[in-house]
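Top line first, the protein sequences correspond to chains Y and W. The C-terminal position of the first sequence is numbered 244 in my numbering, with every residue numbered one higher than the one before it. The C-terminal position of the second sequence is numbered 1244 in my numbering, with every residue numbered one higher than the one before it.
Treat each hint with caution, since some may be false.
Below, computed lysine-lysine pairings styled on BS3-like, alpha-carbon distance capped at 25 Å [said to hold, decoys possible]:
(1) W:Lys1052 - W:Lys1084
(2) Y:Lys136 - Y:Lys153
(3) W:Lys1007 - Y:Lys53
(4) W:Lys1212 - Y:Lys136
In short, the hints are calculated from the structure, not lab data. If you're wondering where the values come from, they're calculated on a predicted model, not measured in any experiment.
Protein chains: 2
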Amino acid sequence: MENSEAKAFLLIIGNEILSGRTKDANTQFLGRKLGEIGIRVCESRILPDDEKKIIDTIRQNKDQFDYIFTTGGIGPTHDDITAKAVARALNIEFERNAEAEELLRNFYSPDDITEARLSMADMPKGATLMENPISKAPGFKIENVFVLPGIPKIVEGMFEGLRHHLAESSPFLSKTIVSPLPEGLIGGPLADIQAQYQQTEIGSYPFSKDGKMGVNIVIRSKNVENIKPVAIAIQNMIQRLEFP
Amino acid sequence: MENSEAKAFLLIIGNEILSGRTKDANTQFLGRKLGEIGIRVCESRILPDDEKKIIDTIRQNKDQFDYIFTTGGIGPTHDDITAKAVARALNIEFERNAEAEELLRNFYSPDDITEARLSMADMPKGATLMENPISKAPGFKIENVFVLPGIPKIVEGMFEGLRHHLAESSPFLSKTIVSPLPEGLIGGPLADIQAQYQQTEIGSYPFSKDGKMGVNIVIRSKNVENIKPVAIAIQNMIQRLEFP
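Turn these sequences into a full structure, and let the hints steer you where they fit.
Structure representation (structure tokens):
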């Protein structure tokens, strides 16, 4: 089990992200937090508020991945179509969830409990609620699909409460080696090292600092024993190039 | 032509984005800049450095969209696989581009022109170069696929130079109305307005400021005449709810 690797697919929903009005922050947060518990995010797909696209995407991917996480589109307005789309994708009845309704009725005063707000309790039948410690309206889990809100602060608040629904395994570990030499000089020998250690992921991320180009070389694996020899090989390679 | 709408698909390539190490900024930049020239970004897909996935995605989408933009994976290291994947997706020979090679040879001193750097001139046969005003190594266009680097500053620098390859049409216009009432109170009447004006996109984006919830309501259309009546209807609706 220790090195098993669960796979996740993210579905980020919202016209405002594709129009550039809002920058998606949920991919980064979920990628990092899921990686910490050994789950690899294999794809993140940003789609508009389009029911058919959401339904098709969930149907095409739900059996390919251990988990699907959606963010966005579960508020009280007309453009919040995710919950119903998920129900349709899974061919599950869409109905008012009694537990979610109670949460909302306890949170809002009777004068403020509009039909729009109550619609946030409409979910696929059999959904398990995901607690929202910030604004109460819950997310939910149905089969292997986790339906989360779009606002990053609420996604963050909800994550701790949903962790226990996920099969945790050993986290991805990473070691970053900073190369003072640019990618163009280390590219060849680095490719040789990657070819020698194919089981270990080596990423190369150039940066520019004070006008000089350097590279963050990131070694990533679930097993620290896989990281060590690669780190040593890379450090030696840089040293040979720097002090020939 | 004025209200025609070209459609774009973004393919954001990089393990570092899915692991949460790096936050994608290219979707927002391209979404905004393309919107300004009337091109709608319909989807943005973030994929790992995986040749097969890149090939499959380009093949499945290139005929569905007017433009595909890829970002990432065109540097000089082993994880830079985008250019070759694009060539394979389109069944085009992958070869050294003479013009790109010359650019690189003029930019680097003879001592610094490694094989890794020259590999940045390997492209699908017949590619048109996209000028890189920052670090020289060019992007390219082949058929309807624009292949851009991953570093946001370079994407930004490259964009002005590639605009003339795009069929510009009237830009998307938007008007934001700030509602001091939260989504739960305006959700019902706002849905009625959307139902009445189906050709005009209305987005609802909640915010929290000084502990009070409000909503940015964004009306979006290519035609200002479509925006006006919707804006008036929304302003009147908010006023009725605020001062009943």
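Hint by hint, here is what the structure shows:
1. The suggested pairing of Lys1052 (chain W) with Lys1084 (chain W) holds, with an alpha-carbon distance near 11 Å, which does not exceed 25 Å.
2. Proposed proximity of Lys136 (chain Y) and Lys153 (chain Y) is supported: the alpha carbons are some 13 Å apart, at most 25 Å.
3. At most 25 Å may separate the alpha-carbon atoms for a hinted pair to count; Lys1007 (chain W) and Lys53 (chain Y) meet this at roughly 15 Å.
4. With a CA separation close to 15 Å, the supplied pair Lys1212 (chain W) and Lys136 (chain Y) stays within the 25 Å bound.
The structure meets every hint from the earlier list without exception.
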